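Trainee: Sequence:
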Amino acid sequence: MASSQALRKARYFGAMAVECSTEDDSDPTVISWGMSFNDEAHMVSADGRNYYALAEADNALNYVRGGPNLTPHLVWVAPAALGSESSEDPA
Numbered sequence: 003m004a005s006s007q008a009l010r011k012a013r014y015f016g017a018m019a020v021e022c023s024t025e026d027d028s029d030p031t032v033i034s035w036g037m038s039f040n041d042e043a044h045m046v047s048a049d050g051r052n053y054y055a056l057a058e059a060d061n062a063l064n065y066v067r068g069g070p071n072l073t074p075h076l077v078w079v080a081p082a083a084l085g086s087e088s089s090e091d092p093a
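First residue of the sequence shown: 3, per my numbering; consecutive thereafter.
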């Protein structure tokens, strides 16, 4: 049972568009949030309008539009940053 739970444990990510301009220190824009498992990933746009079923989290970047000064990035969220989750294994 513990091994099947470990296989389904999600890693959380954000897909972001980062301004490449050195003149502006603007914050990155979060385009969507997602969860990645060993065999699949799921992503929802920040406005909640779009859902994506992905083979892997890196495919999320296919849905983030870049531009002349924008570069898409995948950012992994640490478990401690999620608030109620602990980085320690309860088992």
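Keep in mind that the hints are not guaranteed to be accurate.
What the hints assert, rightly or not - The calculated lysine to any residue pairs, modelled on SDA-like cross-linking and capped at a C-alpha distance of 25 angstroms, are:
(1) K11 - H75
(2) K11 - P81
(3) K11 - L72
(4) K11 - E58
(5) K11 - N71
(6) K11 - L76
(7) K11 - S34
(8) K11 - M37
(9) K11 - N40
(10) K11 - A80
(11) K11 - D41
(12) K11 - Y54
(13) K11 - D29
(14) K11 - F39
(15) K11 - P70
If you're looking for bench data, these hints aren't it; they were derived computationally from the structure. All figures in this text were calculated on a predicted structure; none of them were measured in a lab.
Trainee: For each hint, tell me whether it holds in the structure or not.
Mentor: Do the hints match the structure? See the list:
A threshold of 25 angstroms between alpha carbons decides the hint, and for K11 with H75 the separation of about 23 angstroms falls inside it, so the pair holds. A hinted pair counts as satisfied when its Cα atoms are at most 25 angstroms apart, and K11 with P81 qualifies at roughly 11 angstroms. Between the alpha carbons of K11 and L72 the distance comes to roughly 32 angstroms, so the proposed pair goes past 25 angstroms and is violated. Between K11 and E58, the direct Cα distance comes to roughly 14 angstroms. Compliance with the 25 angstroms bound is thereby established for this hinted pair.
Note on K11 and N71: the hinted pairing is violated, with a Cα-Cα distance of about 35 angstroms set against a maximum of 25 angstroms. About 19 angstroms separates the Cα atoms of K11 and L76, which keeps this hinted pair within 25 angstroms; it holds. Distance hint between K11 and S34 is fulfilled; the C-alpha atoms sit about 20 angstroms from each other, no more than 25 angstroms. Annotation: proposed proximity of K11 to M37 holds, straight-line Cα distance about 9 angstroms (limit 25 angstroms).
Annotation: proposed proximity of K11 to N40 holds, straight-line Cα distance about 8 angstroms (limit 25 angstroms). Restraint check for K11 and A80: satisfied, since their Cα atoms lie roughly 13 angstroms apart, inside the 25 angstroms limit. Using a Cα cut-off of 25 angstroms, the hinted pair K11 and D41 holds, with the two alpha carbons roughly 11 angstroms apart. In summary, the hint linking K11 to Y54 is supported, as the alpha carbons are separated by about 19 angstroms, within the 25 angstroms threshold.
For the hint pairing K11 with D29, the CA-to-CA distance comes to about 30 angstroms; that exceeds 25 angstroms, so the pair is violated. Distance check on the hinted pair: K11 and F39 sit about 6 angstroms apart at the alpha-carbon level, within 25 angstroms; holds. This hinted pair does not check out: K11 and P70 have alpha carbons roughly 37 angstroms apart, beyond 25 angstroms.
Hints 3, 5, 13 and 15, counting from the list given before, are not met by this structure.
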